[in-house]
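Protein sequences, first through last, are from chains G and R. The first sequence begins at 0 in numbering that gives the first Met the number 0 and counts up one residue at a time. The second sequence begins at 0 in numbering that gives the first Met the number 0 and counts up one residue at a time.
Simulated from the structure, these hints should not be mistaken for laboratory data. All figures in this text were calculated on a predicted structure; none of them were measured in a lab. Cβ atoms here follow ideal geometry from the backbone N, Cα and C, with glycine treated the same way. Just to be clear, a hint being listed does not mean it is correct.
Unchecked claim - Straight-line alpha carbon distances no greater than 30 Å define the calculated DSBU-like cross-link-like pairs of lysine-lysine that follow: (1) K218(G) to K279(R); (2) K318(G) to K158(R); (3) K334(R) to K237(G); (4) K121(R) to K218(G).
To be verified - Chain G is faced by these chain R residues, among others (derived, beta-carbon under 7 Å): (5) Y115; (6) L116; (7) L168; (8) F256.
So the chains spell out like this:
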Amino acid sequence: MGKLTGPMYGILRGNMEFLLFLFRRFLRLLLTILIISTIIFFVIRVIPGDPALVVAGIDASDEDIQAIRARLGTDVPVAVQYGRWLADIVRFDFGESMISGASVNKLIMERFPLTLTLAILGIVLGIIVAIPLGVLSAVHRWSFWDYFGMVYSQMGMAIPSFWLGMILLLVFAVKIPLFPLFGSDSLKNLILPAIALGFARAAVILRLTRAAMVEELSKEYIITARAKGLTNRMIRYKHALRNAMIAVVTVTGIQFGYMLGGAIIVEQVFSLPGLGRLFLYAIYQRDFPLIQGGVVFIAVIFSLVNFAVDIIYSLLNPKIRIS
Amino acid sequence: MPKKRADKRAVKRADSTLEIRDLNVSFIQGEKEANALRGISLSLKRSEVHSLVGESGSGKTVTSTCVMGLLPTPPARINAGEIILGDQDLLLLEEKDRREIRGKDIAMVFQEPARYLNPTLKVGDQITEMLILHLGMEKTEAVERALEILDLVGLKGGKRILDSYPHELSGGMKQRIMIAIAISCNPSFLIADEPTTALDVTLQLQILNLMLSLKNRLDMGILFISHDLRVVHDISDWISVIYAGRIVESASRETLFADPKHPYTKLLFESIPDADKRGKRLQTIPGKVPDAENIPGGCAFHPRCPIAEEICRTSQPETKNLGGNHTAACHFIGKQWKN
């Protein structure tokens with residue numbers, strides 16, 4: 000093969016590097032999931048008590064308990080159990096709930112769309128508030144908007160989401176009935192929970208956006224941009240913001256990952272049947288297969304979000320693709 | 000294509016000099032006032048390289064940022080002076096008009112290209128955005144023009160370079176890109192703030208040669224800021240030596256190198272290592288440039304000067320014209336001393 004030169008070489012080389020980068024990140028994703036599922040497996044075994052006794056109750060006979068152990072698969076050595084567990088995970092099979100008997104996958108997939116919608120709404124609300132306000136605060140430091148942003152972010156971090164949720168319900172569902180008090184069948188039901196959820200996220204993203212923008216605006220390439228005679232708008236939004244977003248995207252992505260694990264408290268306040276509540280009740284009822292499946296599911300989702308964040312990050316920051 | 004550009008240029012300017020007159024700038028910090036520039040005057044002609052030479056802290060960079068209109072006020076305060084381009088005083092212009100001059104009529108090249116280029120924008124965008132903004136070009140036209148400019152600054156590789164990010168290029172290439180950005184709108188004047196200091200010696204020469212050839216081809220005036228007299232010798236038509244915010248001596252390159260008059264200039268020459276001085280101990284100038292906050296009374300150089308007398312402590316020497324626009328500010332011009 001002849002030596003590649005010219006523009007084609009650049010394009011090919013760029014894409015090969017990017018594919019390699021994707022591949023490496025994907026391997027890391029698999030490794031993360033393997034480690035997490037291993038930890039979960041052993042943590043569950045370390046918890047005192049035999050799940051078979053919990054299921055069987057105090058009146059059960061020895062035969063019943065043996066039968067339940069066989070059903071749960073806890074009658075064989077731990078090494079064998081671990082092997083089965085890994086084999087199950089590869090097939091995405093987490094068994095059945097000990098309480099309802101329904102498959103764990105089915106239970107999770109029933110609840111996931113609601114949690115996903117809620118998380119997307121929450122993060123979008125957070126971004127809509129936080130990024131413009133953060134940029135405004137950084138560009139006009141010590142102005143009204145900056146002080147407003149500071150007060151907001153202090154409040155956002157200090158106010159617990161359950162309290163905000165209850166106040167929102169009280170004001171916008173009870174006193175002024177703009178939104179329904181409960182239910183989860185329409186988007187309208189999710190607006191108030193999304194606000195309760197996004198409020199604190201916005202505070203974090205806002206602080207970060209401001210700090211990142213302030214830092215970028217003090218860098219040397221901004222002096223170049225000014226020396227080029229660019230307008231303030233171009234300097235701020237084309238030059239500084241692009242660089243500031245590198246840090247913001249990472250943190251926003253991680254926040255989004257947390258929200259996908261289910262917002263236990265907000266779901267409780269608004270009586271929404273999301274993942275958070277599902278897992279909460281699984282813990283109350285010692286429903287081990289559901290807990291295990293839930294934790295692995297959250298870990299997978301979280302890793303996938305991080306994977307996506309890495310890709311966006313590398314698109315924003317051309318330097319990262321090389322390392 | 001070239002014809003069209005020539006037309007634009009003809010309409011655009013009648014300005015053939017950039018003149019700084021008696022510029023006085025302070026930095027205010029609380030109660031303290033630091034007098035960074037104390038009456039700088041210099042004039043820069045088209046197709047001429049005028050070098051401004053001095054130690055760090057002497058006011059070189061303040062001068063260049065002030066000409067660009069990039070000095071943040073506050074903390075800086077312009078006390079007096081004019082910067083004349085064509086028939087207008089830049090210091091009297093509104094920010095909006097000032098901005099239109101930046102990059103288009105007066106452009107700037109900085110010391111460390113790695114830090115002064117935007118790391119997340121492709122090099123091509125960093126060039127074309129100026130053409131689109133200042134010359135109203137369409138994107139495709141701007142890309143065509145950017146390719147021509149790359150040729151001008153000696154970068155082979157065309158579109159591949161335009162599609163690169165700064166970190167994918169070497170230090171010398173990055174400085175060529177900085178220069179490409181600066182000359183993209185055919186500016187009348189270019190301010191080069193130590194453009195070769197961050198580069199290694201072989202590259203320095205290439206970049207200097209490039210700047211000289213561009214000066215001739217584009218009929219640009221270059222204000223070249225440096226602390227290095229050797230570099231200045233290779234490139235300058237005219238040289239001004241700055242000390243503590245004042246120009247102490249100004250002359251054509253030939254005159255200054257053959258017959259320096261101010262003791263500071265002489266000492267600067269003696270501190271250059273060269274073949275003649277082999278085996279001898281290299282001269283250094285004792286002390287350092289005073290802080291702009293504590294400039295000595297009289298002649299600011301007197302504490303370090305080998306020929307200073309009582310009058311130097313009390314009275315600031317006037318700038319005298321020694322013929323042929325060779326000027327120097329010293330009470331004892333031409334007086335010799337023994338080491």
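Original post:
Taking each numbered hint in turn, which are not upheld by the structure, reported in ascending numerical order?
Top reply: 1, 3, 7, 8
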